[in-house]
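Engineer: Which chain is which? The protein sequence lines are A and B, in order.
Each residue of the first sequence is one higher than the one before, starting from 1 at the first, in the UniProt record's numbering.
Each residue of the second sequence is one higher than the one before, starting from 1 at the first, in the UniProt record's numbering.
Please note that a few of the clues may not be correct.
For chains that are exact copies, the list does not tell them apart, and a pair is met inside one copy or across any two.
[Claimed, not checked] Mimicking DMTMM-like on lysine to aspartate or glutamate, the simulated pairs with C-alpha atoms at most 20 Å apart in a straight line are:
(1) K6 x E53
(2) K6 x E43
(3) K273 x D91
(4) K130 x E276
(5) K6 x D222
(6) K130 x D222
(7) K273 x E153
(8) K145 x D91
(9) K6 x D52
(10) K273 x D142
(11) K145 x D250
(12) K6 x E277
(13) K145 x D78
(14) K273 x E160
No wet-lab data here; the hints were simulated from the structure.
For reference, the chains in residue letters:
2 protein chains.
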Amino acid sequence: MAPIGKLVVCGAGLIGGSFALALRRAGAVGRIVGIGRSTASLEHAREMGAIDEIAAGWAEALDGADLVLLAAPVGQMDAIMAAMAPHLGPDTLVTDAGSTKRDVIEAIYRHLGARLGNVVPAHPIAGAEKSGAGAAFAELYDGKKVVVTPLPENTPEAIERVRAAWAACGAQIHQMSPAEHDRVFAAVSHLPHLLAFGLVHDLAGRANAEQLFSYAASGFRDFTRIAGSHPEMWRDICIANRQALLGELDQYLAELAYLRALLLAGDAPRLEKLFEEARAARNAWAERQTNIVTE
Amino acid sequence: MAPIGKLVVCGAGLIGGSFALALRRAGAVGRIVGIGRSTASLEHAREMGAIDEIAAGWAEALDGADLVLLAAPVGQMDAIMAAMAPHLGPDTLVTDAGSTKRDVIEAIYRHLGARLGNVVPAHPIAGAEKSGAGAAFAELYDGKKVVVTPLPENTPEAIERVRAAWAACGAQIHQMSPAEHDRVFAAVSHLPHLLAFGLVHDLAGRANAEQLFSYAASGFRDFTRIAGSHPEMWRDICIANRQALLGELDQYLAELAYLRALLLAGDAPRLEKLFEEARAARNAWAERQTNIVTE
Numbered sequence: 001m002a003p004i005g006k007l008v009v010c011g012a013g014l015i016g017g018s019f020a021l022a023l024r025r026a027g028a029v030g031r032i033v034g035i036g037r038s039t040a041s042l043e044h045a046r047e048m049g050a051i052d053e054i055a056a057g058w059a060e061a062l063d064g065a066d067l068v069l070l071a072a073p074v075g076q077m078d079a080i081m082a083a084m085a086p087h088l089g090p091d092t093l094v095t096d097a098g099s100t101k102r103d104v105i106e107a108i109y110r111h112l113g114a115r116l117g118n119v120v121p122a123h124p125i126a127g128a129e130k131s132g133a134g135a136a137f138a139e140l141y142d143g144k145k146v147v148v149t150p151l152p153e154n155t156p157e158a159i160e161r162v163r164a165a166w167a168a169c170g171a172q173i174h175q176m177s178p179a180e181h182d183r184v185f186a187a188v189s190h191l192p193h194l195l196a197f198g199l200v201h202d203l204a205g206r207a208n209a210e211q212l213f214s215y216a217a218s219g220f221r222d223f224t225r226i227a228g229s230h231p232e233m234w235r236d237i238c239i240a241n242r243q244a245l246l247g248e249l250d251q252y253l254a255e256l257a258y259l260r261a262l263l264l265a266g267d268a269p270r271l272e273k274l275f276e277e278a279r280a281a282r283n284a285w286a287e288r289q290t291n292i293v294t295e
Numbered sequence: 001m002a003p004i005g006k007l008v009v010c011g012a013g014l015i016g017g018s019f020a021l022a023l024r025r026a027g028a029v030g031r032i033v034g035i036g037r038s039t040a041s042l043e044h045a046r047e048m049g050a051i052d053e054i055a056a057g058w059a060e061a062l063d064g065a066d067l068v069l070l071a072a073p074v075g076q077m078d079a080i081m082a083a084m085a086p087h088l089g090p091d092t093l094v095t096d097a098g099s100t101k102r103d104v105i106e107a108i109y110r111h112l113g114a115r116l117g118n119v120v121p122a123h124p125i126a127g128a129e130k131s132g133a134g135a136a137f138a139e140l141y142d143g144k145k146v147v148v149t150p151l152p153e154n155t156p157e158a159i160e161r162v163r164a165a166w167a168a169c170g171a172q173i174h175q176m177s178p179a180e181h182d183r184v185f186a187a188v189s190h191l192p193h194l195l196a197f198g199l200v201h202d203l204a205g206r207a208n209a210e211q212l213f214s215y216a217a218s219g220f221r222d223f224t225r226i227a228g229s230h231p232e233m234w235r236d237i238c239i240a241n242r243q244a245l246l247g248e249l250d251q252y253l254a255e256l257a258y259l260r261a262l263l264l265a266g267d268a269p270r271l272e273k274l275f276e277e278a279r280a281a282r283n284a285w286a287e288r289q290t291n292i293v294t295e
């Protein structure tokens, strides 16, 4: 790939910081400038060498920038794009790391309409238990999937350069439409998070919550791990992707209605058949996973 | 505790085999006799030293037995008790390891009515990823909870001796009513299993199942780990405890209806508040767990 002379990372936490460190490891980047709402986080990123300097504002950050990564919670993307738009030149590429795509793309059309050729949305399927600059590391994206969801207006060169940047981070590049992306992740990520938050919230509100939790074991621990996820980030994801998420939730409610009917009828054979099919699918999936990622 | 001269283990898999090994470790038992539907499993248990001999039938097994542990799936308890009843003497204690209690107790009243003083139901909250005699080990119950749910007819001596036997295995003994037990475990164990089986079954039936699974990450892996559980065992548990489980499922459906309304309304503040409360409860619980168990 052509070297990135000046990289701008908006949000220098786990995702943005690791992107910077990975490109530096690849020798693919010159100067790295950080910008974001948390000065403490940016200072931390500079101290650990993820970024070289902190920009005072978008005019300074975007001056001569080759590539910008937007790595903020999706709920902030609209305000970020509104702020950067006046300073975004014709030669600067933009990509993002948002967990949802249609809402980010709506913000792109609202604010960056003059630069659509160069703004290529993406979503790295990577994460870690901890967040923040201190959790960033150069290997985060090694072997992980990055889903690029190009706009019809993107130039082939812009798509290729954004793919190359993520590939230089060590990632496997996949491509799909924004709508397909949002449906897939509503099913395998957003819905499970919603269900886990819901179960813990349900039980925590009971009069005997303390007793209930005292008998919870490892099945409950694993099932509810994702209920320990970041509330603001997941609020943004659920709101941004609520159309696809409602569709998934309704399909799941239909599944639960079926399970409820089997329980009411005491239909042991059909219940066992359903459990068998689920176990077979789950185990086949788990065996195929050679490189499962934390999200 | 008074030593157990002859112990009978019905079902010499992970639970029964580990009970035998733990009592042997404690020097609390003389001879250990295995009985069950799988000859291969019993042979395996004998080869690894969990049991000393295999009984050809209940008459032989119960002759002179001091303590019997029923460690079979709860769906088999009725047939097992019917078979053992004619041979159960007045001096033999019986306990079980069933994950549900009211159904086991109904079987006790149906078949062991003449011996109610000595039949003390229990449920060890312990398990492991693997099952079968080969997975058994003496330390399985160390520090784990065992819930004893005595019958009104139990003699104080029988309760004390059953508690002492489980304590000799290294367990912490808790006591509650069968109905309370079944409600608690419907909430923190049976419902999560049902939900995980349901989600995997739902997704596995989609036309794009392969695509969906290919993008599933670690949140999905942990959320669905319990969908890899044993279908027959969980069929039995769900059927046996379906009254309490339906109650829990309906409460959860109400929670999902609330979440659905928040999504439809795009109510970001209430959604974030709910996620915050869930995260706080989940993290507080996880921090209290010093000895979490696999079930």
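Engineer: Are the hints correct? Go through all of them and say.
Structural biologist: Taking the hints in turn, this is what the structure says about them:
1. K6 x E53: within (11 Å within a copy, 76 Å between copies)
2. K6 x E43: Within one copy only: 19 Å inside a chain, 69 Å across chains, cut-off 20 Å.
3. K273 x D91: Intra 58 Å, inter 42 Å, cutoff 20 Å: neither.
4. K130 x E276: Answer is between: at 17 Å across copies they meet the 20 Å cutoff, but 35 Å inside does not.
5. K6 x D222: Cα proximity of K6 and D222: none, with 42 Å in one copy and 39 Å across.
6. K130 x D222: Both, since 17 Å and 17 Å are each at most 20 Å.
7. K273 x E153: neither (48 Å within a copy, 39 Å between copies)
8. K145 x D91: Neither. Shortest intra-copy (27 Å) and inter-copy (64 Å) distances fail the 20 Å Cα cut-off.
9. K6 x D52: within (10 Å within a copy, 74 Å between copies)
10. K273 x D142: Cα proximity of K273 and D142: none, with 39 Å in one copy and 35 Å across.
11. K145 x D250: Neither, since 28 Å and 38 Å both go past 20 Å.
12. K6 x E277: Classified as neither; 52 Å inside a copy, 42 Å across copies.
13. K145 x D78: Neither way: K145 and D78 sit 25 Å apart in one copy and 51 Å across, limit 20 Å.
14. K273 x E160: Close neither inside one copy (47 Å) nor across copies (41 Å); limit 20 Å.
Hints 3, 5, 7, 8, 10, 11, 12, 13 and 14 from the earlier list are contradicted by this structure; the remaining hints agree with it.
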